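Chain A is already provided as a structure; the job is to place chains B, C, D and E with the ligands on it using the hints.
Chains A, B, C, D and E are the protein sequences, given in the same order.
Counting from 814, one number per residue, gives the positions in the first sequence under the working numbering.
Counting from 9, one number per residue, gives the positions in the second sequence under the working numbering.
Counting from 274, one number per residue, gives the positions in the third sequence under the working numbering.
Counting from 27, one number per residue, gives the positions in the fourth sequence under the working numbering.
Counting from 4, one number per residue, gives the positions in the fifth sequence under the working numbering.
Because the hints were derived from the structure by calculation, they are not lab data.
Computed from a prediction, not measured in an experiment: that's the story for all the values here.
Careful: at least some of the hints might be erroneous.
When the alpha-carbon atoms are kept at most 30 Å apart in a straight line, the in silico DSS-like pairs for lysine-lysine are as follows [unchecked claim]:
1. Lys308/B with Lys252/B
2. Lys136/B with Lys162/B
3. Lys1068/A with Lys480/C
4. Lys452/B with Lys440/B
5. Lys440/B with Lys273/B
6. Lys530/C with Lys1068/A
7. Lys440/B with Lys252/B
8. Lys384/B with Lys334/B
9. Lys835/A with Lys419/C
10. Lys1068/A with Lys529/C
11. Lys384/B with Lys347/B
12. Lys136/B with Lys329/B
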Amino acid sequence: MSLLEFDAVTKIYTVRGAGQIKALDDVSFTLESGQTIGLVGQSGSGKSTIAKILTQLETPSSGEVRIDGTPIPRHGSGLRSYRQQLRMVFQDPFASLNPYHSVRHHVERPLRLDRVVPKDELDDEVARLLGRVRLPYSIAERRPHELSGGQRQRVAIARALASRPKFLVADEPVSMLDVSIRLGVLNLLADLQREEGLGVLYITHDLATARHFSNEIIVLNQGRIVESGSADDVILRPQHPYTQQLRAASPDPEKFFASMSGSSSGTAGGDR
Amino acid sequence: GAPESTGSGAALTIAKPDGAITTESHNPYLGDSSASKYAYGKVIFETLALVNPTGDLGTTPWLAESVEWNDDYTELTVVPRSGVNWSDGTEFTADDIVFTFDMIKSGKLTDTGGLNITDIAVDGDAVKITFGLSKFTAQARVLHTPIVPEHIWKDIADPNTDPLTGEGLAVGTGPYVLDNWSTESVSLTANPDYWGGELAVPQLNYVSYGDNAALTTALVSGDADWAQAFIPQIEDSYLAADEKNNLLVSPTAGAGTLFMNLQEKPFNNVALRQALAWTIDRQAYVDVAREGASSVVWSKTGLGDLLDDEVLPEYKDDNYKVDIEKARQVLTDAGYTWKSEKLIDPDGEAVSFSISVPAGWSDWNTEQALLAEELKEGLGIDVKVDQPDWGGWDAARQEGTFDAIIHWLEDTGNAYGLYTSTMDPKWIVDNKAQFNFGRFDDPKVTEALNTYANTSSDEERKAALAVMEKAFVDEVPAIPLGSHPLLGEYNTRNYVGFPTEDDQYASADPTQPGIVQILTKLKPGN
Amino acid sequence: MSDALLSVNNFSVMYDVEPPVEAVRNVDFTLRRGEILGLAGESGCGKTTLAYGIQRLLKAPAVITSGSVVFHDGSGEDVEISQLDVEELRRFRWDKISMVFQGAMNALNPVATIGSQLEDVYQVHRPAMSKSERRDAVVELLEIVKVGGERRRSFPHELSGGMRQRVMIAMALALRPQLMVMDEPTTALDVLVQREILRQISELRHKFGFSVIFITHDLPLLLEISDRIAIMREGEIVEINTAERIWSDPQDDYTKKLLSSFPRLTGEKGLVSR
Amino acid sequence: MTALQPQIPTEEAPLPSGDNNTDTIDALEVGTTATTASKGHSRIPWRFLGGRALFYLFTLWAAVTINFFLPRMMKGDAVSAYLARNRNISPEAADGLRALLGLDTDKSLFEQYIDYWSHLLRGDLGVSLLHGLRPVAEVISQSLPWTVGLVGFATIVSFAIGTIGGAIVGWRRGSRLDALIPITTFLSTIPYFWLGLLAIAVFSVNLRWFPIGKAYGVGMSPEWTLEFIGQVLHHGFLPAVTIIIASLGGWMLGMRNMMLTVLDEDYIMVAQAKGMPNRRVLWGYAARNAVLPQVQSFALSIGFIVGGTIVMEMVFSYPGVGKLLLDATNAKDYALMQGVFLVITLSVLVANVLADVAYAFLDPRTRQTGA
Amino acid sequence: MTAPLTIVPTSTVRLRFGSAFAMFRNRKSIAGLVILGFFVLVAIFADVLAPYSPTQLDPGARFSPPTPEHWLGTTHIGEDVLSQVIHGTRGVIVVGFLAAIIATIIAIVVGVISGYLSGWRSEGLSALTNVFLVIPGLPLIIIVASMFEDPPLWVIAAVLGLIGWAWGARVLRAQTMSLRNRDFIQAARANGEPLHRIITVEMLPNLMALIAASFVGTVTAAILGLTTLSYIGVIPVTTYNWGTILNWASAQGAFRQNQWWWYLPPGLCIAAIGVALSLINFGIDEYVNPRLRSAGERARAMKKKGLNINDTVTAVRTTPTNEAR
Ligand SMILES: Nc1ncnc2c1ncn2[C@@H]1O[C@H](COP(=O)(O)OP(=O)(O)OP(=O)(O)O)[C@@H](O)[C@H]1O
Ligand SMILES: Nc1ncnc2c1ncn2[C@@H]1O[C@H](COP(=O)(O)OP(=O)(O)OP(=O)(O)O)[C@@H](O)[C@H]1O
Ligand SMILES: [Mg+2]
Ligand SMILES: [Mg+2]
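So that you can see chain A by itself, here it is in the shape it has in the complex (with noise of 0.2 Å):
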């Protein structure tokens, strides 16, 4: 059982000419192995924020990340070694590969680096992780513009997977992907977790995909934390007026439809 904290932080850029932007604000949470935190909020309220201070790209202003009870190092091998234990998948497949790569550098880059298995076995390894997210090992030596973007989201989770993280950051992995292969990644991904016990942080602005994906849900507004509890109770019943705002923002058919049903108009939101 692991455990990442996530300590009153706060993140506070400096833009050139425009002052500063405080992107986190105090926010604190934890997440443990196992579990997975949906991670809700419009655009520019924090989600990547938080994403990159996890994965060390970011420094936090104040506050600290722990894991297992100890802060984070910010740099040398111990920054590696808390490195491997938590990775992230990005947002946009296309642009997360370096084009120049095949699949194999990608997923045995993380394998080298870590030393996670013995240079003669590192065939087998990347095998083996092309084989979790169901890809067949002939994929190896495409590169990325070689594949379709579901694809190439699981080549980055496999890379992800390499070094055999406790954690895993996921900022938004499925919405630049097709509708008819989001639920494919997501049920992937949930899947691996199940299996290996990861940590999951989601982060989505859609509703609906954190609501069913996670065990737990944070909203996020103006880099605060605004609302969090399980899943269910925060989608269903939210009690914060901007999770009610963004809850009734959220297209919900079954809802629309079900409040309809006799009525004849089919038209939308705003026509009373």
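The following block gives chains B, C, D and E with the ligands in isolation, referenced to the frame of chain A:
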């Protein structure tokens, strides 16, 4: 002159290849003033006399009615011409001559000619100037000093730099007066009160083109009438273009000369120098490099045709010719060998050297290429053709860090010029050479050179000459290639009366002081 | 007067490349006056091609290989779009059919003020209008979409994504067209902004009574705003029906599959196997 | 139906203030992460221009400093070169010259550097050995107008023709006009001097249509008469045309490539969908955007262009600063060399400033984001 | 980044090797490379190919137009022009490539570093780059070159390279800055890749096309610079190249006398090598920006099918043409 306006009244355009001359300065004493670069200063400010550097080498009194030297050439007596007015109407007097030379004597005007004046005195009509040293070999330098009006120049604070651009400052006695100065050209109009009589050419234009090629194009197209320039392929490109186009090549006592660095290998061995003298094809220099605008120097004394009478009888017909056999023999005798057609010196090292000439001096650049090939073919010497920019070349020749260079000679109008230029240690000051770049130093020769310059006795001069000639023949301190002539290209479409092959009363070079003489002789032609 | 606005018959578009792509195949549908027709389907199924193709906006290598598109003008005149020549079509465009494009970020000329881009429309299509009339019209349009007339002089980059999309809508409204084609007008936008825009569209539609062809692959969204929905797949319309029927009684297998790939916000869980 | 009612303020709200704790957010003001809305910006892009100004000051400083050190690294001594040209100057005269040129000092390099600046700031560039000891500023001021006039004119014309041509070629992609690109590219790969010499050989020597060089005719002086202006145009024609021919290709290719990129942008499609006539789409939408990178590279290529004038001036005997520099370098006339180099750099900087300002006003985005 | 996917199953090894040169795999680049290769070969085998030594005199044939002995005629002193052109290739190629290598290395180092770093170090390097861009190059070269008495080829190349790197650095900086924030670089960082690997393995390959383009551009500039400097005589004739030949030709009045065999070949050679390099760059441009390709080939292909790529109106072909099958 515009080609369409023929006959009298047309302007005469004199051209230079020096690039745009964009700064106005009419100061005749400044080498880099526009007056000097275009040489229009020569038609504004006249000199006491004109020394003909070619033909009869004679002296024609000009602003002076008479010019007289004492025996050892330390005293000059001139009688100013009467009836001459400055172009502003003031009368020209002996005082102006005194004033001019006094500026030099007092140091107000830098003594660039090294005149070393000790005294100036007015003696009746005449002015007597005394020098610290004999001026036998520097008569032209004295006589060609531009005479300037006292009434204007006495107010000029620094005659070394003053541009004379103010209203009414560019005043001389010359045949033309300044009319219009622009960055593209300078115009002068005939001086109506010129003492020398009426002038056929009413207007002179001075123009400077970007380079030789552009100048030639202008000459061919008739945009320019008169110039001094080395024009490649002159026969086809200029003379053949119009039968009225003329070229006058006036040999002088000077010659294009191959200087060798006598202090260092490989030229510290006289045998090699002799071998070179037997190998180099001077005819090719004249025909190919200079395209005929020169005359060969074959004499072992190094003296050209013009100075034939100064060649002592014992060397009368002692000439070099291209004789590879002989050259190889000389080398073999001195212990040189050949290994796979490469010349090996007695120390066992392959002989090689470089010849430097500034880039862009196309005739000598060509000669470099010719020399390199001749020496490689004939003697198996590897010659590197080096064409540095002027600055680099200048430093090397002064500091003696070259192997071989082609250079001109100090022209004194007699044999002294060649020998002082090639053998006189006096040119080396502060270890920097102004001539004698090979740093020849033989006390006997030095003494002979001094005697020749300072003596008042012809006998002594002759004896000294013998010493010099012998040393030159034996030691081969330098190899003159061909005489360095003054060139003049002109056309006779509008005016005739230019010096010709048959009548070389002056050179046809419009940048020489003699131009005033030519201008007075020009007549409208058809 | 029939209540059809646009009749599309046996319409096919091909991209004449190697190998040729038949992006739209034998599509038939009729658009009624004043209705919102949703067009859904996964990426690459030909939605954009169809929407652009009916007004002949596609460039080579696209070729219309068959079919007819007839526009039943409010004046009672029927216009066969494929018969129009270039100049006629230029005048027809925007006047009768206008568009709101996918990705408002890039749909506005970055170096011209939004006011001038709106005025352009009047200058070209209503040359009789005076300068001040044009300006008043622009201000009015911007007020209608709640951007505010004083933003007339703003450059696109000075506006947020939502505002830009509103400017696009204002532009589409300018000539009071009878049909507005909207190609994924809200995909790049934030959920809240998206909702606000949609609300406005339907408001405006009520006010001005134009028809809308609304393209998106977000089926839940479409279900809420459309009167009728056409489901496209590989260039063909596999099903077209009212939103309610599509939701409650999908006929085609593909429609069913599409519907099942969206997790329900409030429905029972289980889509994502946890 | 209440559940469907989004709680979004419909009126435009003021920007959220700093300690805004409420949950009402203005959807209008929030775009994606990539956008932030701005209001009440100033029309003049001060920040952009200020940044550029700093940069130019820095460049100027760097150029002046390079300029200071260059001659001090060169071999050879200006005075001895001068003496050699004016043979037989006495040693005292040489010392006098050295004093005049400030070369006799045994000050430290740093002191010299400070002196150099203080002279510079007083506009004192020293005197030119090569030009009769006239002040360098005067020497340069005679030549500069010609260089700036001819080269500036030719460059702007070339830029204009190339850009307009490139816009048309790009617009009509695939048409026969495409052939212009390889042709102009070929012309721009020809060495300039070669083109110039050929032009003179053909048009001046053989056909005699144009004078063989110089800025105006012999015996004229600059004045505002028709005849003189006619002369200047006649003389400037060949040099200008050759510069234009040699530099056209780059502009045309750049503009055409940019057009091809811009033509695929959505706003072009929108403009066409709006029923805009082709001409309007081409100039008002496509070219207007495609020209922006052109303007930027125009600024940057000016240094390159100015360098090219040296060759032009040689070939056409044109009275410009390029030949001045070449001669000064050969003659080791350091004061002149430094002066010319400084003036060239300065004019490049000025041209850059102009291009920058033009760019800032052409591209509204710079007014916000900075360079 | 949503370009239509093309799934090209390719055999493994060839692909990885080939992909480094992908930008040259088009007709234009290949044509350019062939021409360039020709000149490189000429430069290498100059001694074998040239019928004479470039300085060998033929006193019997001065100013000779082409003859069987002298295919391209002779100079004013009877040197063989063909041999001079062949030998001159060497200087041009050596200087061009050497200068470009030097410039490209500087450009990569400065450009990539200033693009990857941020803060004052990046700004400083960028300002330096801009200074070198703004300072007029040719005058500076003239001044610098005149510091050497007889500069060997490599010095000339170094000077040309030192002055010519700024364009490349600027382009590379911009591209690196945009790459720096790309997800795949962020991903590599998050994976704990060390900095040098991020730059060399993850970034550089993606910059290859730009580097190649800037290299080719610098070669062009260096060659033009070299020939120009040789022509105006700043570079001494000892370093034989086409500019030198033209210098001689012009000084000896070949242009005026229309001795075309003397001035035409070197000029055309410069132009030919310039065209070759531009062709290569066209190819790279089209590789980097595929839209550029649409102009030429695609438009012509469309035209064959009776379509005009510039039409604003969709073509109607009501009788379906099936010949495409
Ligand atoms: N590098 C940065 N420099 C300055 N400000 C930044 C930076 N990165 C993010 N921000 C700002 O921080 C805030 C939060 O950004 P963040 O990317 O975390 O939002 P997000 O919730 O991920 O949005 P989205 O849903 O659009 O991805 C925003 O206001 C953004 O403008
Ligand atoms: N210019 C073109 N050349 C060749 N094929 C094209 C071209 N444009 C589109 N296609 C193909 O036509 C088909 C339909 O494309 P279209 O853009 O209409 O799809 P879409 O439904 O709008 O997709 P999306 O939801 O991604 O916008 C796709 O298979 C696409 O690859
Ligand atoms: Mg984000
Ligand atoms: Mg689409």
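Results of checking the hints against the structure:
1. The hinted pair formed by Lys308/B and Lys252/B fails the criterion: a straight-line CA distance of about 39 Å is larger than 30 Å.
2. Between Lys136/B and Lys162/B the CA atoms are separated by roughly 21 Å; this keeps the pair inside 30 Å, and the hint holds.
3. For the proposed pair Lys1068/A and Lys480/C, the alpha carbon gap of about 27 Å is at most 30 Å, so the pair holds.
4. Simply put, Lys452/B and Lys440/B have alpha-carbon atoms about 22 Å apart, close enough for the 30 Å limit, and the pair holds.
5. For the hint pairing Lys440/B with Lys273/B, the CA-to-CA distance comes to about 20 Å; that is within 30 Å, so the pair holds.
6. For the suggested pair Lys530/C and Lys1068/A, the alpha carbons sit about 20 Å apart, so the restraint of at most 30 Å is met.
7. Pair hint Lys440/B plus Lys252/B does not hold up; C-alpha atoms about 47 Å apart against a cutoff of 30 Å.
8. For the given pair, Lys384/B sits about 16 Å from Lys334/B by alpha-carbon distance, which is consistent with the 30 Å threshold.
9. Simply put, Lys835/A and Lys419/C have alpha-carbon atoms about 29 Å apart, close enough for the 30 Å limit, and the pair holds.
10. With a CA separation close to 18 Å, the supplied pair Lys1068/A and Lys529/C stays within the 30 Å bound.
11. With a CA separation close to 13 Å, the supplied pair Lys384/B and Lys347/B stays within the 30 Å bound.
12. Distance restraint check for Lys136/B and Lys329/B: the Cα-Cα separation of roughly 49 Å exceeds the 30 Å cut-off, and the hinted pair is therefore not satisfied.
The structure shown violates the earlier hints numbered 1, 7, 12.
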